[in-house]
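Visitor: If you want the building blocks of each chain, they are given just below.
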Amino acid sequence: MTQTNTQSTTLPLTHSQRLMWIGQRVHPDVPIYNMVFTFTFQSQIDTEAFKAAFAILGEACASLRTVIREIDGEPMQVILPSLPQALEIIDLTSEVDGQVALSRWVDERRTRTLPLESCLYDSALIRVSESQFVWYLNQHHLITDVTASELIYRLMSRLYEQALRDEPLSVPSLPSYADYVAHEQEVRTGSAFAAAKAYWQEYLSQPIDLVSLYGESGSTHLARTERTPFLISPEQTARLNELATQPGFRSFTRDMTFANLYAALVFAYLHRLSGNTDIRLGIPLANRSTPAFRETIAMFIEVLSLHIRFDPDETFASLVRKVAAANVRTLQNLQPGIASAEHHHAYNMLLNFITVSFAPFAGIPTRAEWVHSGYGDSTDSIRFQVHDLNRTGQTSIELDFNTYLHSDVERQGLLDQFGRVLDACLRDPQQPIHRISLLTDVEYQHNIVQFNDTRKPYPADQTVIDLFEAQAARAPDATAVALGTTTLSYHQLKRRVDAFMRTLLDLGAEPETLIPVCMETSIEVVVALLAILKAGCAYIPIDPATPAERIASLLEDLGKTPIAVVDESLAGRFSSVGCVARPADVDDRLLPAVNEASLAQPSQCAYLIFTSGTTGKPKGVMVQHNNLTSYLWWAKRMYADHEPTTFALYSSLAFDLTVTSVFVPLISGGTIRVYPDREKNGLLIREVFRDNAVDVVKLTPSHLALVRDLDLAQTRVKQLIVGGEDFKTELAQAIHRKSNGQIAQHNEYGPTESTVACMIHTYDPRLDTRPSVPIGTPSDNMQVYILDKRLQPTPTGMIGEMYLSGANIARGYLNRPELTAERFLDDPFTPGQRMYRTGDLARWLPSGHLEFLGRNDHQVKVGGARIELGEVEAALLSHHEITAVAVDVRRVRQAAAPATEEALNHCTRCGLASNFPGITFDEDGVCSVCLRYDSYRAKAQAYFKSMDALKEIVERIKARRAGEYDCIVLFSGGKDSAFMLFQLVEMGLRVLSFTLDNGYISDDAKANIRRITGSLGVDHVFATTPFMNAIFVDSLHHFANVCNGCFKAIYTLAIDLARQKGIRVIVTGLSRGQFFETRLTEELFVRDDFDIQAIDESIARARRAYHQRDDLISRSLEVDVFRDQMLDEIEFVDFYRYCDVALDEMYRYLTARGWTRPQDTGRSTNCLINDVGIYVHKQRRGFHNYALPYSWDVRMGHKTRDQAIEELNDEIDSHRVKRILHEIGYEDAVDTEAGATRLVAYYTSPKPIPNAEVRDHLSKKLTNFMVPSHFIWLETMPLAPSGKVNRAALPDIDDSRPMSGSTLVAPSNDVEEAIHRIWQEVLLLQTISIYDNFFDLGGHSLPAIRIVSRINSMFDIDMPIDTFFAHPTIAQLAVAVDEILIAEIEALSDEEARQLLSGDG
Amino acid sequence: MNPHEQLRTFIEAKLLSGGQAAGVAYGDDLLLSGLINSLDVMRLVTFTAETFQIDIPAEDVVIENFQTIDAIVDYVASRQ
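As given, the protein sequences belong to chains R and E, one line each in that order. Here the first sequence is numbered in our numbering, starting from 1 and rising by one per residue. Here the second sequence is numbered in our numbering, starting from 1 and rising by one per residue.
Hints were generated in silico from the structure; no laboratory data involved. Computed from a prediction, not measured in an experiment: that's the story for all the values here. Don't take each hint at face value.
Listed below are several chain E residues computed to face chain R (Cβ distance under 10 Å; list not exhaustive) [said to hold, decoys possible]:
(1) Ile36
(2) Ile54
(3) Pro57
(4) Glu64
(5) Phe66
Incomplete in silico selection of chain R near chain E, CB under 10 Å [said to hold, decoys possible]:
(6) Arg188
(7) Gly190
(8) Ala192
(9) Pro247
(10) Tyr262
(11) Ala326
(12) Arg329
Beta carbons: idealized from backbone N, C-alpha and C, even for Gly.
Whenever a hint applies, use it, and build me the whole structure from the sequences.
Guide: Written out as structure tokens, the structure is:
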């Protein structure tokens, strides 16, 4: 027998192991790194021999005996003397179906997490039948890679053979991982490593967009993945093998050749689907650089990435060459320990290309299978698994989809499209990748052909005038137009039209003369339009509300304008026009009975409408008669085909939605009912419904929202034609309910360039459940395509742009040939037709329906996340009180920070600078904080206690000892907490030391922590959370610093840990200066009834309320401790309340015990992100966030004034700060003048709703990043004359009320005003609305105490702090204060009250 | 030592371990043998660049330039 070691040996982790260890710690309960193999033997296996072989395997193979334990706070690999777990023998032969039982067994087993500290493998031999055995081997990736698995397998095979032959089993000697660990440490100091590090730093300094497929966000923190096989055909495999031998494709080794080919395929696919031109693909590489390392059973993986920049006409062939070169660069810069967490975040797609050979096991035919654990790194959206495990030549391709990012249905689509790209690349490597069709034949038939099969005969050679006159001839006495009791028959209308046409011709009108029309809605305007058209001219509708300057500039654009048709009152604005005219409002019998022939031609321009362009300059869309006829003929069929129909004409002619209301009735024998806008209050639409005299109303959703409160049960309106904006399902539902389903609601879609509309969907309350009502299908003779950036049709799921083609497509833009050429293209599917590029996004749903996703610019990115504004709007609208909404992305004006260049004064005593808000100085230059402190210094001193008092507490703790530890000590590694830790251990407490590793703790600080806890023999916990970056960002938004978020995370996690371990005391090392900053405020001391116990209680209450608040931290840390009684049960002890030690003495003490000052951070911190907080705070608030605490340090005698000033003047490396801001995802440039971008929600409701309530409502429906940061209540939604939301008129926001919103509402009574002033002073904010939530303004427990104290002394009441937290707005608080005052008055005796009221009391 | 010899010495000493070290001919296919893996190729490229003091762009690291000792020498000449 071999001799057995009885000692464990330890080894540091390699850099890659450390990354993986952290990854596992982030997901402690998720088997992301389980490497599970099953080896199926088609033969009998000798169980005893197998067991014996496995035992020897374990002796030989240190990796199986390796576990990871934290020693002195540092993860170490510990090699145990013997295998921690024996091979299990499983017998499934009694199962009815062995195969089913086997897969069930494996399925259950593969997801078991392997305990890092005790055993990193799980293995069993399973007897499925007499002739089939399966060896199950699951190893944690920390101790293995695929090569290592292959080595283990081979060794096991050899040992088993020996065991079978009854040979004495000797333990083979294997190369040790310790050599690689040493090698890595040595290499890291060399020049090659430095060069590689520089290379990757440069590489990573170019930020690129992560790949987003189907518009998902591209990243998540959920690690569940689904492995989906892609079936590559034998022909495709053959083609791949053939390419692999060709010059230009073939590389040095077979593996390299195929690695390049598969990587190129994945790149082509990702490029084709996302449209991204810069893509990174993660690749794990085994860095087995020497023959010995090749034989070492351990983990050698470095995960790096390839970066490809696509050229416009990239082909598969050119791509392979690029990939090969990128691979060379990567391999040349592959060094042990070169992978980094930063690199890990630089890609979100990964290719795992693996070829190994699991040869027959001891001569038995064997099938190896890599079983997916069901989880993978959450940062990867898709992991492409390309494996050849059995050297069969048939490589398996599987895609591990993150299931959070990719739903079932989408996965199938993505897989199909991968197949199409692969097939096309292999078939013709020379074709440009952008030309690869992603559509199946069925999809092409449906999306392009059938969907657009809309040909219908229409009178293309007739104009609207011809159609109108045909009606007039058919039924001359029918009512054509009515206003109040005035009506005109078709015959009368025609006479007036002819008469005015004559006038126009006499004034010099010629074919296609452009005639501006600026008139109030009236009968005459109908006459004018028809007359202009009949004269062969085109009208340009101008809204009477248009400002004079804009009219002037429009006229200037038009050039020479001979005639305008204008109301008298507006004529002054058209002085530059040759002449103005207006149809006379006269009895038609007085008109000459002329009978003019129509001069209108189908190819002539009929009207020109100015629309606002994205660039701000309006563009004039020229619509021809044949376009108009096409639309009208279809609209007539849709809305007015069966009986004479009355349409309401109320909306501005300047918008083409009104075209429907004017012309559809006139060509179908119906009636126009005119509603002049007399009140001009935006509520005309309500009059239309109240009047109840029309059958059809055309309107925008914003208009519709204005009538949702009306009773529509008895309405005459049968049809609503809704257009111009996204039509929310919620609104349609409301109208449906109000009208008992009697009104058909048609959602019309189409830009002016497609003549009013070209798509339609009639709302169906049963089927339409998505946030927006669909836009449906194309109208007659129109085609709609969804195309990618290269004009290729998009397959199901993929987001593309909508293009419109067909008979409605307008001529183009007036005098804008370049813009016309850019937006009006040749239709590639119907030669000879032109198509219009809308700028609207859409995609095909698996159901075959088109999903409209809104304007290009309605899909926005905030903080790196893609957000669909419409979705947020729909979620808001589902709140029962909200009536109308608009969500927008706004650049937030930074609250003006005072100019910093100005020379600062510093308090002559404490050094506090003059830029600190609200500070004043006396004639000796002493600041107001110092002066006020003078007045309560003695009281404040009384708050502090002696070490004897601490000893009493310690004894009390010891006396009720239970469990392993007496207390948790919050140990940052800094001097104060280090000193405290030493003292507490000396006092005999059994402590658990706790540090939050926020990702930016300096190495030196960590070394201190390990050294000290090690030397004291104290157990230590480094807590981490994957949400740290989100917490930083949240903290920066709320508090303009990083520390608040970090502190709350520390307390939260520490309390959680205390709960888990049953610990009841937490000791903090807050310095006395920090006491005054965070706990003790002057308000506490100035009270007459000064009482230390009362102070303690109010601090405790404030702390509890603060921690119980449901915010980002408590939500993301998923810690529910604050809801149970934990906070009451845990006692907080502030060490420095008892201990007062001079700084010099503290340093002397610490230095003697091995504590050193960190050299790798700024001088006064352990934390590398601290500077970021300082930088942002200075930018946003205009002063240093340490100014106040340092001044307290000076007052407490723990720093000198000069030290404080000097430290506050430390230079901040703004490049580093910006890099970290980018790293943590705070991407809004804090330093741009334009400000940061925020998602802002505007809404109307009967009265403002507390932000917290709206936010809660939204967080039930939307993912976190989609919830707006600002909510602004509006009394009415501003509407443009078009009836759409006037986004430009939505109020701007600024950041002085961070996370807040609602329009600024000023205090309206004395109580509110007083409270308002207190808030301003305490929160250091100028602009506060009475509806702002205290927490949204960055409030926490300290300001709460201060505010309550001030309110209490001002009103002479005794409001508890809980009342404050229950009423966290000024408005609510004022009510609460009133109630207290009233209760007090009521409690007075009559006599007292009389005295009080009479004023002589 | 001429370039051919320098390369041969490096390949035999550093890339081919153990018994296979003897006698690599200048025209032998270094890669078909399967003895050299991708990391070895990178070492060969680095050695070539350093020894002959040339810059070798990643795009040139293709089989045509590194298949045989002859090919490497030709490539080096084209870069000098």
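Visitor: State for each hint whether it applies.
Guide: Results for each hint:
1. For the restraint placing Ile36(E) at the interface with chain R, the shortest Cβ-Cβ distance is roughly 7 Å, inside the 10 Å limit, so the hint holds.
2. Proximity of Ile54(E) to chain R is violated relative to the hint, the smallest CB-CB distance being about 15 Å (cut-off 10 Å).
3. Because the beta carbon of Pro57(E) sits about 8 Å from the nearest beta carbon in chain R, less than 10 Å, this interface hint is met.
4. Checking Glu64(E) against chain R by beta carbon gives a least distance of about 7 Å; that is within 10 Å, so the hint holds.
5. Taken as an interface hint, Phe66(E) checks out: its beta carbon lies about 7 Å from the nearest beta carbon of chain R, inside 10 Å.
6. Taking 10 Å as the C-beta contact cut-off toward chain E, the hint placing Arg188(R) at the interface is violated, the least distance being around 18 Å.
7. For Gly190(R), the suggested interface contact is broken, since its CB lies about 14 Å from the closest CB of chain E, more than 10 Å.
8. Annotation: interface hint on Ala192(R) holds; nearest CB of chain E at approximately 9 Å, less than 10 Å.
9. Among the interface hints, the one on Pro247(R) holds; its C-beta lies about 7 Å from the nearest C-beta in chain E, closer than the 10 Å criterion.
10. Checking Tyr262(R) against chain E by beta carbon gives a least distance of about 15 Å; that is not within 10 Å, so the hint is violated.
11. Interface hint status for Ala326(R): upheld, as the beta-carbon distance to the closest one in chain E is roughly 7 Å, under 10 Å.
12. Hint on Arg329(R) holds. Least Cβ distance to chain E is approximately 5 Å, under the 10 Å limit.
Violated hints for the displayed structure, listed by number in ascending order: 2, 6, 7 and 10.
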